[in-house]
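2 protein chains.
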Amino acid sequence: MTERFSTAIDELKAKFGKALSTNLTMRTQHAHTMSWLAPEPPDAVLMATDKQQISEAVKICNAHKMPVIAFGVGSSLEGQLNAPQGGLCIDMSQMNEVVRIDAEDLTATVQAGVTREQLNEALRHTGLFFPIDPGANASFGGMTATRASGTNAVKYGTMKDVVLSLEVVLPNGEIIKTGSRAKKSSAGYDLTRLMIGSEGTLGIITEITVKLFGQPECVSSGVCHFDDIDAACQAVMLTVQYGLPVARLELLDAVQVKACNAYSKLSLPEKPTLFVEFHGTENGVAEQAEIFQSIISEFGGVDFKYSSDEGERKKLWTARHNAYHASRALKPDYESLSTDACVPISRLAECVSQTVADIEAEGMIGPVVGHVGDGNFHVLLLLDKNNPEDITKTKGILARLAKRAIAMEGTCTGEHGVGQGKRAYMNDEHGEQAIGVMKAIKHAIDPNNIMNPDKIWY
Amino acid sequence: MTERFSTAIDELKAKFGKALSTNLTMRTQHAHTMSWLAPEPPDAVLMATDKQQISEAVKICNAHKMPVIAFGVGSSLEGQLNAPQGGLCIDMSQMNEVVRIDAEDLTATVQAGVTREQLNEALRHTGLFFPIDPGANASFGGMTATRASGTNAVKYGTMKDVVLSLEVVLPNGEIIKTGSRAKKSSAGYDLTRLMIGSEGTLGIITEITVKLFGQPECVSSGVCHFDDIDAACQAVMLTVQYGLPVARLELLDAVQVKACNAYSKLSLPEKPTLFVEFHGTENGVAEQAEIFQSIISEFGGVDFKYSSDEGERKKLWTARHNAYHASRALKPDYESLSTDACVPISRLAECVSQTVADIEAEGMIGPVVGHVGDGNFHVLLLLDKNNPEDITKTKGILARLAKRAIAMEGTCTGEHGVGQGKRAYMNDEHGEQAIGVMKAIKHAIDPNNIMNPDKIWY
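Taken in order, these protein sequences are the chains called A and B. Following my numbering, the numbering of the first sequence begins with 1 at its first residue and continues without gaps. Following my numbering, the numbering of the second sequence begins with 1 at its first residue and continues without gaps.
Since the hints were derived computationally from the structure, they do not count as laboratory data. Just so you know, not all the hints are guaranteed correct.
Where chains are identical, the list cannot tell them apart; a pair therefore holds if satisfied intra-copy or between any two copies.
[Claimed, not checked] Straight-line C-alpha distance at most 30 Å; calculated DSSO-like pairs for lysine-lysine:
| id | residue 1 | residue 2 |
| --- | --- | --- |
| 1 | Lys177 | Lys395 |
| 2 | Lys18 | Lys65 |
| 3 | Lys51 | Lys403 |
| 4 | Lys265 | Lys385 |
| 5 | Lys393 | Lys211 |
| 6 | Lys403 | Lys177 |
| 7 | Lys258 | Lys314 |
| 8 | Lys403 | Lys211 |
| 9 | Lys403 | Lys439 |
| 10 | Lys211 | Lys155 |
| 11 | Lys177 | Lys439 |
| 12 | Lys305 | Lys13 |
Could you build the full structure based on these sequences and the hints that come with them?
This is how it looks when you write it as structure tokens:
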């Protein structure tokens, strides 16, 4: 394998010494992610410690047209970290410094390897927090690159909304800043949001400046249950349309609840379930809960209990965050494949119901869970990879879900990104001409196509 | 003048007949904007009626390398609509259809010529509204192109936050859609936000799909006064840092209050003043007002009165919206020059105070007004254009304000855009290499440089 790019690797070795590894285990580890796609290891791994080093490494790679792939914690789901053409993996995990916290501006600047939990730990005594929470304890570089979101997005937005500016190493090794710490600006192209969601194809993100939010005075979480998934989705739709400022609004279908009960030692009724959370003043939260109660009642939602007790809340949301692992534990010897889609809220019930019916018709297991307040939901398909029929069925379900979401004026991915796994749907979703614009931008910024090649489109 | 591009103009005339005009009055009107920069008329004006027509016109212009400039209502402030190299102005005012309102999804799609007031009128019976409100009754195309915001941005965000997707005619005449109606997506590059704020340099925006918001159950507005502008800014800073969810938080300095009193027949004390508005439930709004009262008291804020009476509220906010005209009326025979800057909230008091001191030291009149909840403020300088000293002083104040804001980790424009007027500060704000990336993108999408040339950078 390491015959590819051997000159470049020699140069990198000479420059970076032990920080550069071509060790097989190391390379294999850096292709081992949460993706269902087969791992494709890089030729070498650089344990980066600062941006100048990354700039130098990228210059060498650019000179040799060697691919460069940044690696955070390896939690991406669509093959974003694979190296189909080989190349250099830049591991950002040692760039894990919280550079500054400007509490009075509600901003923080972190290196790309900092994880979301790490920043929140650093913020513990400030009364502030960072809300974006994908399932994994992802790195800021990774969350930015995939335009991640999570359970809080319905209130606080996604990475596109909370990032103020970035520091990026370009394919030619230049280091740019894409914005200021001002809350808004009309000064030129929005390079910040061009980089967010570009999945490492335009540069290596080294620093991220984000907005922070005040810890709400009062937080209250609750659970309620429905007879069928359509009713649960209808309740979500009305909640959103009513404009109720929920902080979290999550759906778990019956299979997912069963999985969570087993994995997280809960005893929830095994029915379609909504987890909800309210942030605000004590009165505000109570008002919201009351309105929510009356909305869900219209759709047969029952047993709505909510609590501001931190222990109970934590248990609930930890179970929600572990939904992925809980589902996998349903069939520990099976492979799992997590996908996501997002539709306008009025199409949510339809899209979820059709998807569940499709999975059932194929006789597959695929719990549904999702950030339904945003019209976003996930399916975790469990399959026996040695059974060709399972693979065919899985591919069919995936493709139909993507096309269904797109046909409903939605998107084939609300937060996981495209990577390798969803390239097939990009023309359908954007049209060839819009993809042409993306490719033109890619070529203008990365003419040698070294930055995470073979991702997002074919 | 019309000797420039005469072949292209003949082709356009042949194709569009009376919709195309080379009449001097028409051309002059389309260079007459709210900018302080000298008007530079186009060679011809096309009154566009649909996107196919725009696509055909752009193709002709591209073949002849003739500049194309889209025109909404002409309310831009930094020379965005000038035609320094001549070219075709595409007037979008007849493309003024509200294409669809999807109330159940909280979205609407409008043609580029629709104005913000027109959409809100169309929404009147839905219980929904569109919050972005620059001073003028701007068009959606214009607001999108300059990444506009206004008084509501502190709660609802700017155009970058509320636009879901765009339809754009590219420089080669292709028509693309840049997104779906899903609330979030991780499917590829964020072309939507690349177009937002690109000031017509990448394409002609023909349709805009935006988020809508529920009319708040209760709206309450208030006014309070401070002894000096620093105290007013300190109160703003604490309000933001506290996390109080104000819907609007506006500063008017003493000169601006005096101007508004005269112009809008108010009788406010002529002292630095905050206008504030709260949106929420009746209890929520009362709670917010109480907290605000206690914050401003710390900084000597007095006379805080608030009211949910619609008539009183309207009067107040109409006066605020007319601040520009009120200021101009202070010296009706003078020219006016409106500029804006935006800084991290912790630097607001400093930046405003230094700016006011600078204006006073120069002996100029320049009321300060602004969306201070976002750290964004405006100065309207009044000057005698026939007095070279006034011009020199004005240029000095402008340049120092831009550099001051940038040095404070802010931006030289929070919402007016760059146009021709702020090109000089772009390298300072972004660095040459980031500007290089913007230029590379521009060249990739518009290789003949026909889309609004000579804007944003030199």
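Item to check | Unmet hints by their number, sorted upward, for this structure | outcome: 5 and 12
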